[in-house]
Structures are given as C-alpha cells and as structure tokens.
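Please model the complete structure; the sequences and the hints are all you need to start from.
Heads up: the sequence lines are chains A and B, in that order. For the first sequence, my numbering begins at 26 and goes up steadily by one. For the second sequence, my numbering begins at 411 and goes up steadily by one.
FYI, nobody ran anything at the bench for these hints, they're computed from the structure. Keep in mind that this is a model prediction, so the values were computed, not measured. Idealized CB from N, CA, C, for every residue including glycine. Treat the hints with care, as some may be off.
Claimed, not checked - Restraint-style ranges between C-beta atoms, simulated for each label pair:
(1) A:ASP331 <-> B:GLU649: 28 to 38 Å
(2) B:SER713 <-> A:ASP149: 11 to 21 Å
(3) A:GLY167 <-> B:SER448: 30 to 40 Å
(4) B:LYS729 <-> A:ASP100: 47 to 57 Å
(5) A:THR263 <-> B:ASP603: 19 to 29 Å
(6) A:GLU220 <-> B:SER608: 52 to 62 Å
(7) A:LYS262 <-> B:THR616: 20 to 30 Å
(8) A:LYS262 <-> B:THR689: 19 to 29 Å
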Amino acid sequence: MRTIILFAATLLIAIAVNTAAHAADPVVVLKGLDNPCGIAVQPETGLIFVSDSAAGKVVKFDPKKPLTSTDVITDFPISSYGKGPEYAIGPLGLAFLDKNTLVVGGGGLDDGAELLRVYDVSGDKPIKADKMKTKIGPLTAGDVSIKGEGNFYAVAIAGNTVYVASNGDDTKGWVLRADLGADSPKLEGFIATKEATGLDAPVGIAIASNGLIVVGQMGEISVPGDSLLTYYSPKDKTLRAKFKTGLHDIAGLAYGKTNLLYAVDFAWIDAKQGGLFRLDSDLKGGVSTKKIAGLDKPTALAIGADGAIYVTVFGSVKKDAKKDSKEKPGTVVKIIDTP
Amino acid sequence: MPRLIAPVVVSAILFSAAGLSAQDSSPPKVPLGLPPLSVPKDNPQTPAKIALGKQLYFDKRLSRDNTVACASCHDPAKGWSNGERFATGVRGQVGGRSAPTIINAAYWPLQFWDGRAKHLEGQALGPIANSIEMDLTIKEAVERLNKIEGYKKQFQAVFGSDATGETLAKAIASFERTVLSGDAPYDRFKAGDKSALSEAAQRGMTVFFKKANCTACHGGGNFSDGAFHNAGIGMDAKEPDVGRFAVTKLLGDRGSFRTPTLREIGRTAPYMHDGSLKTLEDVVEHYVKGGIKNPQLDEEIFSLRLDAKQQADLVTFLKEGLSSKSYPMIKAPELPK
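Structure (structure tokens):
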C-alpha cells in the first residue's frame, strides 16, 4: 500500500472527511496543563513527556498512574502567539533520540533566535532550560531565511538526524535538519515545503516505515479544509506525494503501533470540528480521513508503549468554572482506536 | 438564439458533456501556470450553461432600473474590475469597497474581500439583490428572465426548468469559472523561455520571490494564499473597515482582507480593498515602509530594505511579468429578447 504512495506522482485528491466516527472516548490522563504543545514517549520506560508550553516546562508522567506528573525541565522562555486569540507558548515539539536524550523544539524566543535544545534526562532533579547538553541553532535572518527561523512545532528523529517543522520564513516553510552525531550540530534549511506545495506552515512531522519524511502541512488558519499530507524523500528532498486531507489545520502526525497514520486537527476556524483523525491511504493513492474523536484544540500526539494514542489538548476554560479557579484547561487524553 | 450559444469565446478551456458529474469528467483545462481547477459536483461546466451565464453576466435587466450589470463593476475592458476606487450601483449609489477582479475568482476558497460567501454560486445572487448594487429581489429577477423567451428556452435546455434563483446562480458561476488568466511572461519564463521576461522584470522577479517577502502571502499559481491578512490598509482611519473580523469575530482577524491575486495586476488600479493606492509604485512604497502599524498587522509585513532600482524592478515584474497575452478579453454577447 505504501509503495503506491511512494511511486505515485504528486497527486492531489480531494476527499470528504468521514465524520461518521466509530466511538472512541478520550480519557483525561493529565490535566491542569497550560497550552500543552508537544508529547513524546520515553523508550524503555514508557513514561510520557509533555511540553507544558505556557508554563515554560517539560513534565513527565506514568500512564499507568495518571493525573500526577513531575517537572523534568523548567524555566523555558515564553512568548505569545496569534493576534486574538493569543496563546502563550514556550517549549513545543519533543522527541527522544534514545532513552536518556530528549530533543526539545523552542517557541518562546523570536524568529532568528530560537533554539533546538538537547537534554540528558537520566537524572531525577528538574533541569533548568538553559542547562542543555547541546544547543542547536539559531538559524538567523539571512539568505536561507528572510526573518530567521522559530516556532519549532514538531521534531522527528531518524537515526542521528533530527527534522524540525519550523516557522519563520513564510516564503519557504522550512523543515530544518540537524545532525546530532556531529561535533557541533547546526540547524540547516532542508526542505522548503512552501515552495514544494504552494502552502504554508509545515507543522506535524513523522518518519514513515520506508524512511520517507511525512509532513502535515497546516495551511492557512483562515482557510478551511486546506491541510495537506505530504511525503518527502530524505535523500533528495523531493516531494513524493501530496494529498488533500479535508482537515483544517493538521497540528501533529504520528504512526500507530500497526503502522496506521494519525493526525490531530486544531481547526482554528471552528474548534468544534477539531479532533483526532486516522489518515488511511487507499490503493488508488488517495487518502481517506476518518474522525476518531472530537477534541477541543488538540496540538500533538504520540503512541504509548501500550499502543494507545496520547494527545495534548489546549481545551477551553469551562463556562461554569469557578472564577477563582486557577486550573488551566490543558490536558493529555488517552484514546484507543480499534480499526 | 442558437447563434449566441455557438462559439464559447474563451480559448483553451474544454468542458465535458452535460450530465457527467464533475468527478468523472476531466477537470477543465487551465492556462499555463494555474493550478488545477475544481468544479462543484452539482454544477458541472457545459458550453450551453457557460453561454447562458455569459449573457446573464452582461445583462442590465438584472438590475432594478436596467442600468447595471455584473459587467458594469467587473468590466473585461478594465481588468474585470471598474477602474474606480469604489463601485457604483443603481441610482449612482457608491459602496464602501473596491470591486475585485473576477479573473481567477474560480480559485478562491472563500469569496469577497472578507470571505463571507463560500462559492461563486453562493456569491452570484448577492449583488442582484443588494440595494445599492442592482437592487432586484431574486423573485423579481427570475420573473423577468422567464418572461424573456430567449432566456426561458435556454434555462429549459440547460437545467430542464424555468429560471430559478439556484439555476441563475449556477449559470453565472459557470461563466465566471472560464474567466482565467495564466500563461503570462512569468509562466513562460519559468517553463524555459528565457526571452519571455526583460532583464528588469527578471531582477524584479528575484526581489519579489526573495528579499521583498511577497510570496509569504502572494505565493502559488494564483499569486495568493487565499487567506486573510492585515496589511494595515485603512487601519489609520477613525473607524476602520474591520474586514474578516465581521465574519469570524476573532480579534486576530480585525482589519484582515483576502490576499488578492496579482495576475493582470497592471490592469486593475486602483488597489486594495478601499482602492486607496492609485499605482503599483504606491503599493510597493506601502510595503517598503512596513505597512500601517496596528495591533493586528500581519507579522509577514515589515519594513523592507529595497533601493529605488529594486522597487522599480519589482513594479516592472508585476506589470510585465503577470500580464498575459491571452488575457480573457470577453465581449458582451447579443442578449436574448
């Protein structure tokens, strides 16, 4: 099936989102988060690490003991995103290189100053954000990027190579790359997704089992249904396939245990339509989009050691919430998809 | 009447036979450089329908006092706009926004400066009923059409019924989908014809795609992302036009308007939603100074370091590079009696 995608010429197939979902009830496994934006599962332990973005930290929790978490990295810089609604954001995308090495994409610094940070998370005590093991970047304003790069929404790792879905130069839409095996790794512009697809904002990123880089192109937040699912060769950067998904704003992508591809849709234009979706490719090279669960502004997802799907969700302050309640509406939810 | 239907003027556009749904017919052919065009499944393009839509588009009888047609404000001779700052409708009434071009409107994911209409079909009845544009209720419009033998026959032939609001909109929309511009010197240059652009235009092209950041919004085959941005236009007014905000009520959309296409931009002055900039030189100057500051100004608008020559080259690229030899210069057809 996937070979078809590989060899199909660049295809654009509009499809309708199948909303006749089979019921999958999200269970809240962590709450009180402030704009959670990234999630990764630690190899070997199965512990789940989350960017509690507006709180400027990365926390971890054991999915077998839900609703309690501990701080792993604290004091990330925070900035604001959007012009109304405005969201505070700090650390964004997360990915593990190995059990003890966590890569964190930043979002709290200006474009052109933003960093990709690598931490050793083997210790028990919380680490200050600027005590990273390796600092990668920034990619400053210049020929590669008119404004310099920032808002590293998602990171994916293949071997020693890190791919970063970045925002900065909107004429390019860079997927950046860094070689973690190098003595002093650098951030380089790797795939100019906007030039390849004509659409803005690479946000979700994952690596397919055949090695292709899979990018969820969010598109314009003010244009409905324009998100694309795209496949690039890591060897020559070429766009191998692009599909319309019918989703508004793909914010995260991940492969499940059985190699099924999942996406979360933030749906800026109408949060009621957001949620977790499965993107099934059919033999004709198209994609059919199935809604698995409705979610209120989901941002990222990862597959747990148990095979369940864990999703970070911004949520909204409930209308009937007590005025003095300071609890933030962000959560991690667990969803079991039974295809 | 058959003579009217016969030659569909727009070249290079092929349409499937009636009856096929858009999905199983091949999509319309589009000029070089434009992306594939999708046609709603329930309104496939047919030559007879396009010919009918064309007559309706040019017919002033669709206005209360028989003085205004779609073509009055979206005139093929004036870049499918009207050459004025604002649009003038029946009884000389003037609206508050500039008339956008119809060229490539088929590509908009949302219609109007603020995206309040979804498809061309959803847009077409608006101006007829609008009291300052054509000021005719749809009921009246349909009654008028069904009294005109030539129209009644065509609606019967194309839709199998008399004119209705729905079929009126569908016919006009089908015609509008043929108003396309591509195959400009820029497209030919890109396709390998290195003589297609003058040297100044080539330099301007580089400025456009690189230093000037224009493609952050004016990217892709239609030179627009189809999205809404605040470029600061009119934001220094006491009560600025809030644009997209009126539709979404999201603060971030205050003062946002849909990015216009830049194809045939040399023909559609004055510019911007309020027609406030007279020339392309003025437009470039606006961007060079970083737009007009306001809390919702798009982060992709910032002051640019372009010297006078680069600015002039940029204008040359816009004028020369994006004006097509196969501009859709469509003449008004003979109208049914």
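Consistency of the hints with the structure:
no.	hint	result
1	A:ASP331 <-> B:GLU649: 28 to 38 Å	violated, 57 Å
2	B:SER713 <-> A:ASP149: 11 to 21 Å	violated, 50 Å
3	A:GLY167 <-> B:SER448: 30 to 40 Å	holds, 38 Å
4	B:LYS729 <-> A:ASP100: 47 to 57 Å	holds, 53 Å
5	A:THR263 <-> B:ASP603: 19 to 29 Å	holds, 25 Å
6	A:GLU220 <-> B:SER608: 52 to 62 Å	violated, 24 Å
7	A:LYS262 <-> B:THR616: 20 to 30 Å	holds, 22 Å
8	A:LYS262 <-> B:THR689: 19 to 29 Å	violated, 40 Å
When the structure is compared with the earlier hints, violations turn up for hints 1, 2, 6 and 8 and for no others.
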